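Using the hints, put the two chains back together into the complex; each one sits in its own frame.
Residue numbers (the UniProt record's numbering), protein chains in the order written: chain A, 1 to 219; chain B, 1 to 335.
Keep in mind the hints are simulated off the structure, nothing from the lab.
Hints are not guaranteed to be accurate.
Stated by the list, open to error - Mimicking PhoX-like on lysine-lysine, the simulated pairs with C-alpha atoms at most 20 Å apart in a straight line are: (1) A/Lys203 with B/Lys147; (2) B/Lys147 with A/Lys185; (3) B/Lys174 with B/Lys147; (4) B/Lys254 with B/Lys212; (5) B/Lys184 with B/Lys147; (6) B/Lys245 with A/Lys203; (7) A/Lys185 with B/Lys149; (8) B/Lys94 with B/Lys212; (9) B/Lys94 with B/Lys121; (10) B/Lys160 with B/Lys81; (11) A/Lys202 with B/Lys212; (12) B/Lys254 with A/Lys202; (13) B/Lys174 with B/Lys212.
Computed from a predicted structure; not experimentally measured.
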Amino acid sequence: GDSWGIFTFLCAALCNLPALPALNCSEELGAGQSIQQTYDLTRYLEHQLRTLAGTYLNYLGPPFNEPDFNPPRLARAERVPSATVDLDLWRGLTDNARLAANYRAYSRLLCYLRVLDEQVGTAELRHRLAHFCASLQGLVLSIGGVMSSLGYPLPAGPAGTPAPPGAPAAPNDFLKKMDDFWLLKELQTWLWRSAKDFNRLKKKVPPAVVTLRLEARGF
Amino acid sequence: DSHTQYERVGADVTMKCGSMDWDAAVTWTVNGTDIDESHLNGSYLILKNVNLSQSGQYACYEGSSWHLKYQTSLRVGMPPKEPVLMCRSNNYPKGFYCSWHLPTPTYIPNIFNISVIHGTKDMVCEKDATPKNRCHIRYLQLFSTVKYKVTLTVTNPLGKNFTTLTFDEFAIVKPDPPESVVAKPVPNNPRRLEVSWQNPSSWPDPESFPLKFFLRYRPLILDQWQHVELSDGTSHTITDAYAGKEYIIQVAAKDNDIGTWSDWSVAVHATPWTEEPKHLTTEAQITETTSASTSSFMAPPTTKICDKGAVVGSGAVAVCWTAGLVVAAYSVLFI
Numbered sequence: 001g002d003s004w005g006i007f008t009f010l011c012a013a014l015c016n017l018p019a020l021p022a023l024n025c026s027e028e029l030g031a032g033q034s035i036q037q038t039y040d041l042t043r044y045l046e047h048q049l050r051t052l053a054g055t056y057l058n059y060l061g062p063p064f065n066e067p068d069f070n071p072p073r074l075a076r077a078e079r080v081p082s083a084t085v086d087l088d089l090w091r092g093l094t095d096n097a098r099l100a101a102n103y104r105a106y107s108r109l110l111c112y113l114r115v116l117d118e119q120v121g122t123a124e125l126r127h128r129l130a131h132f133c134a135s136l137q138g139l140v141l142s143i144g145g146v147m148s149s150l151g152y153p154l155p156a157g158p159a160g161t162p163a164p165p166g167a168p169a170a171p172n173d174f175l176k177k178m179d180d181f182w183l184l185k186e187l188q189t190w191l192w193r194s195a196k197d198f199n200r201l202k203k204k205v206p207p208a209v210v211t212l213r214l215e216a217r218g219f
Numbered sequence: 001d002s003h004t005q006y007e008r009v010g011a012d013v014t015m016k017c018g019s020m021d022w023d024a025a026v027t028w029t030v031n032g033t034d035i036d037e038s039h040l041n042g043s044y045l046i047l048k049n050v051n052l053s054q055s056g057q058y059a060c061y062e063g064s065s066w067h068l069k070y071q072t073s074l075r076v077g078m079p080p081k082e083p084v085l086m087c088r089s090n091n092y093p094k095g096f097y098c099s100w101h102l103p104t105p106t107y108i109p110n111i112f113n114i115s116v117i118h119g120t121k122d123m124v125c126e127k128d129a130t131p132k133n134r135c136h137i138r139y140l141q142l143f144s145t146v147k148y149k150v151t152l153t154v155t156n157p158l159g160k161n162f163t164t165l166t167f168d169e170f171a172i173v174k175p176d177p178p179e180s181v182v183a184k185p186v187p188n189n190p191r192r193l194e195v196s197w198q199n200p201s202s203w204p205d206p207e208s209f210p211l212k213f214f215l216r217y218r219p220l221i222l223d224q225w226q227h228v229e230l231s232d233g234t235s236h237t238i239t240d241a242y243a244g245k246e247y248i249i250q251v252a253a254k255d256n257d258i259g260t261w262s263d264w265s266v267a268v269h270a271t272p273w274t275e276e277p278k279h280l281t282t283e284a285q286i287t288e289t290t291s292a293s294t295s296s297f298m299a300p301p302t303t304k305i306c307d308k309g310a311v312v313g314s315g316a317v318a319v320c321w322t323a324g325l326v327v328a329a330y331s332v333l334f335i
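In isolation and in its complexed conformation, chain B is listed as follows (with noise of 0.2 Å):
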C-alpha cells in the first residue's frame, strides 16, 4: 500500500522499507531509478538536508526476489508563513469580499480557513469560485458601530499559520476604478481636452451613494501631475492643456464620503486639436485631382492622415510632413 510522507526543506529523512528487518537486503528506488547505496543504513534509506528536488516516488523491493515491499510519495516543503490578507468593499452597502494569500509558497497542499466576526455574531463568507482564495459577505446591517474580526488561518502537513484583520464598515469601502476612460481634442480648442468616464460597473448603487472622482493629467513630456477633484458628474474639459503635446489621463473613484480612493483607472492618451499647417493643406488640394486617378500610392488627403480622432500622437505630425512631401514630389512628375 501506498503513503505519502511530508518533510520539511532541510530536515533528514530515514525511510524504512515497511515491515523488514534493519539488515535485510533491499534495494530502494526513486522515480523508478535505483538509489546508491551509499544511502542505505542498512534497509534504511537516509535523506539527508533534503530539498525540493528530492520530492518523488520512492519504493522499496526486497534484494533477490525483487517484490516491492513499501512504496511512499516524499513531498518535500514548507510549513506556512503568516498569510497576507485583505478585506475590501468595492461594492458598498452590499457587503465586502476578502482574499489572501501566501508571501512564498510551501510547495504542498494547503488548507485556507477563514471566519468572520461581528460582534458576537459568526458570520459566513462565501467562497468563490474565481478568483480562489477569495470570499465574500453580504452585509445584514448597514451603519454598524461593532468592528468585523477576519481570521485567516492556513494549515499544511509541516505547520499552521493566521493572521488577523479587524475593522469598521466604513473603512474598508474602496470603489473599483472608474471604467471606459475616453479623452478627447476639442475641434477648434487647442488648449482643450474632452474626458469623460462611467462609474465602475461593480458600484451598485451611485444614486444613494454617490462616487467623486479625482483627474490627473500631465503631458508625456513633464513628470508633474494636474490634479482636477470633481464632486459629480461623469465628464470634464481640461482647458490649460499645451497645445500639441500628448497628453496622459487617468480617473480615481471614492465614496463621496467614507472609505478611500480606488486605484487608478487604465490611462488614456490624447493631444488636443491642433490647427492644419496653411501650405500643406493648399499641395493637397492642388495633387488630388491629378493622382486620384492615375497614382497606384493611396494618398488620401493629407488632412485625413492627420485627424486621427482620439489618439493623436506627436508622430502623426511627422506623417502629415512625409505625406505631404510624397504628394508634392508625385505631383511634380505629373506636371
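Next up, chain A with everything else stripped away, as it sits in the complex (with noise of 0.2 Å):
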C-alpha cells in the first residue's frame, strides 16, 4: 500500500539527480580518473559487500541467511540489468558498451540500496548501508569519470524511474525481503563481473591513452 508510495517517491527523488554536477564538483575526477582506479574501487566494493551482505542477511533472518538457499528467481520484474551475459556477447562489448553497461548498473544499484537505507531497522545496519553506499556512488562517478575522459556520454540518468510501473510492490514482508536478497546478489554478481570488464578495459585503453586525450581537451 503505502510503502510502495514511498518506494517509488524517494527512488524518484534519489535517482533523478544528474550526476555531472556531482563530477564537475569533484576534485579527484578528471585527469586523476583511471581504469586502473575504478578496477580497484570494484575491488575494495566487493570486498565490503561480503560483510555488509552477511550483515544485512542475518537481519532478514532464516532462511535468507543460511548458506545454502537457494531460491528460484520469481517471476517479478527485473528491476537491475542483470550482470548475466552471453560470453560471446560480452567479449564484443564495444568500450563504450561495456562501460554504459556498468555505469548503469551501479547507478540503480545504488538508487535502490540508498532506499533500503531508509528503511532499515537497526543502527548499526544503517550506518554500514551509508558508508557503503557512499563508496558505491563513487564507483559510479568514476565510471563516469573514465567514460567523459573517453569521450563516451554519459547514459542519460538512471533510465526514468528506476521502478518502472509494471513492477509489483512486494504485497507481503517475505517477498519484500526476497527483492532485497536478489538485490544483494545482484550487487555481488556486477562486482565479480566488473572486474572483469575493467581487466578487459585495462588491456584495451591503457592509462597513458586517457591522460593524454584529457590534455586534448585542454583539462
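Set out below in C-alpha cells:
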C-alpha cells in the first residue's frame, strides 16, 4: 500500500539527481581518473559487500542467511539490469557499451540501496549501508569519469524511474525480503563482473592513453 | 540358459537347481569343482554369509545323467556408498568439469548418472572419454546469479546412492598449477635465484582473465617457507637466498579476482651461484696442460664439474674437491 508509494517517491527523488554536476564538483575526477582506480574500487566494494551482505542477511533472518539458500528466481520484473550475459556477446562489447552497462547498473543499484537504507531497522545496519552507498557512489562517479575522459557520453540518468510502473510492489514481508536478497546477489555478481570488465578495459585502454586524451581536451 | 546373480557380502544365498524337485539328486559345482554335499539342502545349494571369494560360476547337474540343469554366475558385492563428487572450473570462462568416484569399491558393475540444473534449465554434462568418471559443461552465460546444482546418482544391482553439489559460477574457479617452472642461479650473484614459469595451458584466456601467482621457496635444510605474491608477470628474482644452499621452489596460480588457488606446481631445485674456490682453479690450470694428452682419466677442468647450471646441489661441491684432489695427485705423478 503506502510503502510502495514511499518507495517510488524516494527512488524518484534520489535517482533523478543528475550525476554530472557531482562530477564537475569533485577534484579527484578528470585527469586523475584511470581505469586502474575504478578496477581497484570494484575490488574494494566487493570486499565491503561481503561483510555488509552477511550482516544484512542475518537481519533478514532465516532462510535468507542460510548458506545453502538457493531460491528460484520469481517471475517479478527485473529491477536492475542483470550482470548475466552471453560469453561471446560480453567479449564483443565495445568499450563504450561495456562502461555504459556498468554505469547504468551501479546507478540503479545505488538507488535501491539508498532506499533500503531509509527503511532498515538497526543503527548498525544503517551505518554500514550508508558507508557502502558512499563507496558505491564513488564507483559510479569513477566510471563516469572514465567515460568522459574517453569521450563517451554518459547514459541518460538512471533510465527514468528505476522502478518501472509495471513492477508490482512486494505484497508481503517475505517477498520484500526476497527482493532484498536478490538485490544483494545482483550487486555481488556485478562487482565480480566489473573486475573482469575493467581487466579487459585495462588491456585495451592503458592509463597513458586516458591522460593523453584529457590533455588534448584542455583539462 | 545362464543367469547372473548379485548378492551382498554377508548374505545367505540359496540356489535352486532350476526346475528340479527339492528331493532330486544333484551335484553342484563352482568354477568346475564339485561342491561338498554338506552345503546342500536337498537339491538346493546353501551358501551362508557369502564373501567375495565365493563369486564364480555355479552349475547344477542331475545326479545320474550328468545333465546340466542350471547355471548361474554369482557376483558377491555391495550396494554403493555415497559417491564423492567434485566440480571445478580450471578453464574459466569456458566451463567446468565434474569428476567422481566411490569411496569404497562395490566389486560389481556400477552405473553413474549425472544431472546439472541451472535455475530452471537442465544442462548436459558431456562425459569424457578419459579419464572415466568425468564430464564437462560449457558455460552458455557468464556472471550468473543463479547457482548450479549437480546431482550424481550411482546405481548397481544391490542398491542406489547419490550426492548433490550446489555452487555459484565463481566459487569453483581453480586453475591448474603453473607449468614449466624453471629456477636458475644468477651469475656473480650469490644470493639470487631467477624463477620463471608459464600460465597453465588449460587456462584459455589469460588476457581477459589474468592470473596472479604465489611463489614459495625455502632452503632444503629449513622447514619455514618464504612467500611472495605476484600480481602479474611470470617471473621473479629471489634476492635473499642463503649463499650456497640448495633451494626448493614452487609456484601456484589463481584468477586475479575470483575462485581459489591452484595446487602447488612441481617443485624445482636450484642453488645460487657460488664463487669458485681460488686455489683449486690454480691447480686445474697447471694440470690441464700436462694431463690432457697423457691421462686416460677424463679430467675436465675443475670449473666444468662444478658448473651444472639449473640443478646444482651441495653434492657437486664435494665432486669439485674430489676432482681437484685427483687432478692434484696426477699432476704430482707427471711432474
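Right, here's what the structure says about each hint:
1. A/Lys203 with B/Lys147: Distance of about 30 Å is beyond 20 Å: violated.
2. B/Lys147 with A/Lys185: Holds: B/Lys147 and A/Lys185 sit about 11 Å apart, inside 20 Å.
3. B/Lys174 with B/Lys147: 17 Å, holds
4. B/Lys254 with B/Lys212: 5 Å, holds
5. B/Lys184 with B/Lys147: 45 Å, violated
6. B/Lys245 with A/Lys203: Judged against 20 Å, a Cα distance of about 40 Å means the pair is violated.
7. A/Lys185 with B/Lys149: Status holds; Cα separation ~17 Å.
8. B/Lys94 with B/Lys212: 19 Å, holds
9. B/Lys94 with B/Lys121: Distance ~18 Å between B/Lys94 and B/Lys121 Cα, so the pair holds.
10. B/Lys160 with B/Lys81: Within the cut-off at roughly 8 Å; holds.
11. A/Lys202 with B/Lys212: Given that 20 Å is the threshold and the Cα spacing comes to 16 Å, the pair holds.
12. B/Lys254 with A/Lys202: The hint holds at about 19 Å.
13. B/Lys174 with B/Lys212: The given pair, whose Cα atoms are some 12 Å apart, holds under the 20 Å limit.
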